[in-house]
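S.K.: These protein sequence lines are chains A and B, in that order.
If you read the first sequence in the UniProt record's numbering, its first letter stands for residue 1, the second for the next number, and so on.
If you read the second sequence in the UniProt record's numbering, its first letter stands for residue 1, the second for the next number, and so on.
Among the clues, some could well be false.
Claimed, not checked - Cross-link-like lysine-lysine pairs, in silico, DSBU-like; alpha carbons within 30 Å at most:
1. B/K52 / B/K155
2. B/K104 / A/K107
3. A/K52 / B/K52
4. B/K71 / B/K52
5. A/K52 / B/K71
6. B/K104 / B/K155
7. A/K107 / B/K155
8. B/K142 / B/K52
9. A/K124 / B/K155
10. B/K151 / B/K49
11. B/K155 / B/K141
12. A/K44 / B/K49
13. B/K142 / A/K52
14. B/K104 / A/K52
15. A/K107 / B/K49
16. B/K142 / A/K107
For the record, the hints were derived by calculation from the structure and aren't laboratory data.
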Amino acid sequence: MAKVGRLFGLVLRLLALGATMSAAIVMGTSHERASVFAISFEAKYSDIPSFKYFMIANAVVSVYSFLVIFLPAETLLWRLVAAFDMVVTLLLTSSVSAALAVAQVGKDGNVRAGWLPICGQVPKYCNHVSGALGAGFAGLILYVMILLHSVHTVLYPLLD
Amino acid sequence: MALDNGAKPEAVHDSTLVSKAPSNQVLLVLRLVAFFATAAATIVMALNKETKTIVVATIGSTPINATLTAKFQDTPAFVFFVIANGMASLHNLLMVVVEIWGHKFDYKGLRLAMIAVLDMMTVALASGGDGAATFMAELGKKGNSHARWNKICDKFGTFCDHGAGAIISSFVGLLLLVLITALSIGRLVKPRPATLSPV
């Protein structure tokens, strides 16, 4: 039973590693150049602090996932891993939420503040960012499952 | 702590013994403070509204005024912030009530586990609301020259100040919620006689 539990956790962590790494990479490579009325307009992820935060958060989480996969099965460090899983889930929710908020403004604009939507001028950039957000969301859902699983494993050890 | 946890399985149906244990009292106090923090954040942001009348043109000697209003509903991020903090404060209130009066309710011994899981979900929700509102407020304060979005905090200073206060209060509530989650997960630890005593 313990083997099945550990295998399940490992599979979840591998999937989460894939999701967060792809979110970070896709967001990091989003870049588009457009000219509107002879003004060159370049959109990069680093122009918007929210997207920078999203990329950094997902990169950190993917490195963490990669390291945890190699942790041996019976050390006491698994309790620390459970605590870190909670912190990492927090980080992921706030990064996805922040990026989504700003992306929504970019897509629909905000009439009251006089902010025009930019997705009309750089549609490929917008699609790129949406893809990254989707991957980030998948990583978040996986991490919620990982958090529940690791807290359960630490509190109710299946061996003994 | 070990004695505390050891006393719990027999004493789970005796409300006075469990509620007098010091870790439970600390948890209760933390939940109360977190409730006030998140409730304050919700209320301050929900009542955040500023109206400004500016002169747009002058015809002859009569100025034409335009009234601009900044409300929290204009931005979906702030709406989500209000909803997330509202739900977090409701959760805290519910947990406080359950701590004080609800020791009879137990479902197959899963009560503590359900409380811990609900705490984790609330932390995730509240952190999502905070993240969105923080970056939206930063956008309003500094604008974004690349996207040609102007800052709005120089015109609506009070709106921005109230929003900043609400966000800070919500961060305090979030920090407390993380502490509360750690404590309530710690309560789930079963004492294991053959090994070291748990945290």
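S.K.: Confirm or reject each hint.
M.R.: Hint check results:
no., hint, result
1, B/K52 / B/K155, "8 Å, holds"
2, B/K104 / A/K107, "51 Å, violated"
3, A/K52 / B/K52, "34 Å, violated"
4, B/K71 / B/K52, "11 Å, holds"
5, A/K52 / B/K71, "27 Å, holds"
6, B/K104 / B/K155, "55 Å, violated"
7, A/K107 / B/K155, "24 Å, holds"
8, B/K142 / B/K52, "20 Å, holds"
9, A/K124 / B/K155, "34 Å, violated"
10, B/K151 / B/K49, "17 Å, holds"
11, B/K155 / B/K141, "10 Å, holds"
12, A/K44 / B/K49, "33 Å, violated"
13, B/K142 / A/K52, "16 Å, holds"
14, B/K104 / A/K52, "49 Å, violated"
15, A/K107 / B/K49, "25 Å, holds"
16, B/K142 / A/K107, "19 Å, holds"
Checked against the numbered hints above, the structure breaks hints 2, 3, 6, 9, 12, 14 and satisfies the rest.
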